[in-house]
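Participant: Chain by chain, the residues run as shown.
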Amino acid sequence: MLKAIILIGGPLKGTRFRPLSLDIPKPLFPVAGLPIIQHHIEACVRVPDLKEIILLGYYPSSDLMKFVQEMIQEYKIAIRYLQEYTALGTAGGMYHFRDQIRCGNPTAFFVINGDVCGDFPLLEMCEYYGEKDALVVVAGTEATRNQSVNYGCIISDKNTGEILHYVEKPSTFVSTLVNCGVYLCSLDIFQILAAVFKKKEEERVYDLASSNNDSTTIQLEQDVLRPLAGTGKAFVYQSKNWWSQLKPAGSTIYANRHFLQLYRKRHPERLRGVGIQEGNVKQIPKIIDDVFIHPTAFIHHTAVLGPNVSIGANAHIGPGVRIRESIILSGANISNHSLVMYSVVGRNSKIGAWSRVEGTPCDPNPNKPFAKMDNLPLFNSNGKLNPSITILGCSVSVPAEVILLNSIVLPYKELSRSFKNEIIL
Amino acid sequence: MCGKELNDKVRALILVGGYGTRLRPLTLSRPKPLVEFANKPMLIHQLEALVEVGVTEVVLAVSYRAEEMEKGLSEEAKKLGVNLIFSHEDEPLGTAGPLALARNVLSKNDHPFFVLNADIICEFPFKEMISFHKNHGREGTICVTRVEEPSKYGVVVYKDKEEDEERGCITEFIEKPQEFVSNKINAGMYIFNASILKRIKLQPTSIEKEVFPEMAKESQLYAFELKGFWMDVGQPRDFLTGMCLYLSALRQKKSDKLTDRDGALGNVLIDPTAKIGQDCKIGPNVIIGPDVVIEDGVCIRRSTVLRGSVIKSHSWLDSCIIGWRCVIGRWVRLENNTVLGEDVIVKDEIYINGGQVLPHKSIASSVPEPKIIM
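Line order of the protein sequences matches chains E and G.
Taking the working numbering, the leading residue of the first sequence gets 1, the next gets one more, and so forth.
Taking the working numbering, the leading residue of the second sequence gets 426, the next gets one more, and so forth.
In case anyone wonders, no lab produced these hints; they're calculated from the structure.
Do not rely on the hints blindly, as some may be mistaken.
[What the hints assert, rightly or not] Footprint (simulated), chain E over chain G, 3 or more residues, beta carbon under 8 Å:
no.	segment
1	728 to 742
2	753 to 766
[To be verified] Derived SDA-like pairs (lysine to any residue); straight-line CA-CA distance at most 25 Å:
no.	chain 1	residue 1	chain 2	residue 2
3	E	Lys286	G	Glu720
4	E	Lys76	E	Pro268
5	G	Lys706	E	His300
6	G	Lys706	E	Ser397
7	E	Lys350	G	Asp721
All C-beta atoms in this analysis are idealised placements derived from N, C-alpha and C, irrespective of residue type, glycine included.
Just need the whole structure built from these sequences, with the hints factored in.
Facilitator: Structure, rendered in structure tokens:
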């Protein structure tokens, strides 16, 4: 029997995801029509022997209650949310809830970071785990030389896959093999965590006067992987599947495209069922694959959608509207002849007729193998906004006939003119 | 009989001049006087107004592309019953030199003659100008117009008080004044007696700087105040401003040229051969040329679309000049004095902000900041 833990973080984290996370916890933000962590859950559900999924984080449980109920209903699997009383680090929460995880005596358990996405090779990791005498198997992926230093870098034995050296975000180049934030752990890992916890707790007592930290945090990367490197107990499973971090808000458009692409293989039904009944005739808007449309959304038959568009529940897409490479959230209303590209349109936002809402894609360089998204800062060195996707927070209203280019609009704003390269508070 | 007719002719000289660089990229395809303003070549507006007051012979002072102009204008001139004489400058002669070059034609009789800058659009009150000129009896009349910002023009100072004995008599010219002296500027339209030709040598000469001051000193110049709108439409921004003024003048005159089609808003001029789709919003201040096709769901404001262009569905245009036979894709946004030369193709979903696009280009990526696209 297996279990999975999805690390979802808490309200103070994921600030680069703002303003998308201002009105909804980041793990619940819908990409390709589903909350981000629902994609994680689906990946876990595909593992045959996996019996329980634990969401671990420090969001108030009321934020997740409804979601957890829906997930249990949908996937008929045990799902629980365990709330840390404060941020305990990527492994601190695991240690805190060790009895809950150990309960039922699983052979191993997955740990998946909530802010990464991809086509997780969970089954392959299981098989690989079976071949090794491992405390932990880490999913690894190839990155470019330049970008690798932004990740946890792994040196491994080419033949055995053993992790020989591990360093988190080094300042100089170490390895192009990087940590995907997806692990398969043996229950024995808790002995390591216990040792780390004890050591840190002792240090903390001596340090109490100078430290304002009132609880012990444990990082899976620095406190566990780094010391395990070279002990023969940690292995890397290298995957060529699509993988990306989900840190800046701009990464949602990139992730949306890849999740939609995965639907072709895993859930083709989600890319169908488009069209609306008008009398006896079913008039179908033009769709350029891949597009996800919630069954309750209204799409006028003269609209043209795609590629890579997700439309949420009860959204209303008017005549002659063009949408590409965008996420339209529930209840949004887009009027006649408007164009939306490389943008996220927040819940219940309104876009007037003949408006243009356009962002700049922040995709990885397609000409560089293994390139990841560049996590550019919001502003460049001249103090100007780096061109990125355009984001409308929830209940934003954009008037008719304006252009909104590379801009971020916080929730509940009523715009009255065009904006370019601006943050509108 | 024939000779007398010749002698009775009222004449005009139009300073057409050079390359029309300020109105590029449109003037890369055809000489400026042939560029349509309100669906009519700019020069035809002036020719028609001249013919109306009895002018039968017009000298066009050109230094560039005379043959093309002759070809483009001869038929129209024949229709109007006006004789065009092309006076070709081998070297640019300024604003006065062309008068000397056309001396033989202009001095065939003693009638005063008109001199016009080719870039001017207004209501051309030539009849009133003639009677004003006859009334004061001096050598020249300069049409003046009021502007908001006189500092970029040639300002005219004249006696304008009602009690002034010689009301209208010009005392001074100040080119681009730094301090406010007057808000009346030279509107680029004149009537002169043939005697002015004695003052001008056949060499590059500026009429404003070299001839007028001398005449003013001798109290030989009077200012005629223009009523109604006036615009020098020699560059895109002013072309569009002039278009708005022209259209509202049509509205004031209750002209039946303005359309009352469905989907048209405010003052809009649409050639009868143009096709307009469903669910469009055209106007205010739009001019649509012959054979233009506007597909469904297009919104156009404050723009001119020249002959044969196609604007596809869902596009949005504001303050643009669309050259001849352009094709604008779907969901395109063009704004901020964007000028497309002849036969430019703009692909679907493109945004152009203040772009000047040279002829025969195909635009496949957006132009978010004002730029010239070679």
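Participant: Look at each hint and say if it fits the structure.
Facilitator: Verification of the hints:
1. Only residues whose C-beta sits within less than 8 Å of a C-beta in chain E count toward coverage, and the segment 728 to 742 of chain G has 3 of them, enough to reach three; the restraint holds.
2. Check on the segment 753 to 766 of chain G: 4 of its residues sit with their Cβ under 8 Å from a Cβ of chain E, so the three-residue criterion for coverage holds.
3. This hinted pair checks out: lysine 286(E) and glutamate 720(G) have alpha carbons roughly 18 Å apart, not beyond 25 Å.
4. The suggested pairing of lysine 76(E) with proline 268(E) holds, with an alpha-carbon distance near 21 Å, which does not exceed 25 Å.
5. As the CA atoms of lysine 706(G) and histidine 300(E) are separated by approximately 20 Å, the hinted pair is consistent with the 25 Å bound.
6. Annotation: proposed proximity of lysine 706(G) to serine 397(E) holds, straight-line Cα distance about 22 Å (limit 25 Å).
7. A C-alpha spacing of about 23 Å is found between lysine 350(E) and aspartate 721(G), which places the hinted pair at or below 25 Å, so the restraint holds.
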